[in-house]
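Q: Sequence:
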Amino acid sequence: MSKTRVLQLILARLEDDLALARIAVQTAHEAATHEESVAENKYDTRGLEAAYLAAGQSRRLEEIRQALNRYRNLQARPFDAGRGIQLTDLVRLVDGQGVEQTLFLGPDAAGLKVRDGDRQVMVITPRSPLGQRLLGRGEGDEIELTLAGALQRYEVLEVG
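Residue numbers (my numbering): 3 to 162.
If you're looking for bench data, these hints aren't it; they were derived computationally from the structure. Predicted, not measured: the structure shown is a model, and the values here were computed from it. Do not take every clue at face value.
[As the list claims (entries may be wrong)] If you anchor each label on the Cβ, the simulated ranges turn out as follows: (1) 89 to 22: 18 to 28 Å; (2) 103 to 32: 32 to 42 Å; (3) 35 to 103: 22 to 32 Å; (4) 60 to 157: 35 to 45 Å; (5) 147 to 67: 25 to 35 Å; (6) 60 to 17: 36 to 46 Å.
Glycine included, every Cβ here is placed at the ideal spot set by N, Cα and C.
With these hints in hand, go ahead and build the complete structure from the sequences.
A: Written out as structure tokens, the structure reads:
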């Protein structure tokens with residue numbers, strides 16, 4: 003799978019997420035301003051809860067919008083072995099148990115997963131512990147990091 007294809011899939015997924023977030027914001031706003039959300043007594047918190055939900059949905063919408071803009075402006079660069087792994091690189095790793103995974107080092111949308119056929123790619127950012135360790139590395143390099151108190155080992159199999 004090429005970087006260009008991964009970027010297309012990420013953009014499509016973010017656009018879908020943005021459309022869903024817009025609906026969620028509208029629904030939450032309607033619930034917060036609906037006449038049934040008016041408190042009937044001092045213990046009735048439906049309106050307050052609906053307002054918090056609407057605010058949270060609005061923040062999520064803005065986060066998706068910002069991520070989408072970052073990806074729209076992102077220029078995929080070919081891998082340069084001299085510089086090592088950088089933003090926009092597609093990295094295939096294997097862990098200590100032999101489980102392989104493909105990661106895309108992106109500017110935002112960490113944890114987003116896209117699939118093309120039988121291949122899944124997960125987005126990580128340089129701000130993540132694994133993303134930090136991958137920067138500047140290359141094929142054949144081994145990486146160790148501690149996550150949730152457990153030592154994790156990875157080998158970089160391929161970079162594209």
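Q: Hint numbers the structure violates, sorted upward?
A: Violated hints: 3 and 6; rest satisfied.
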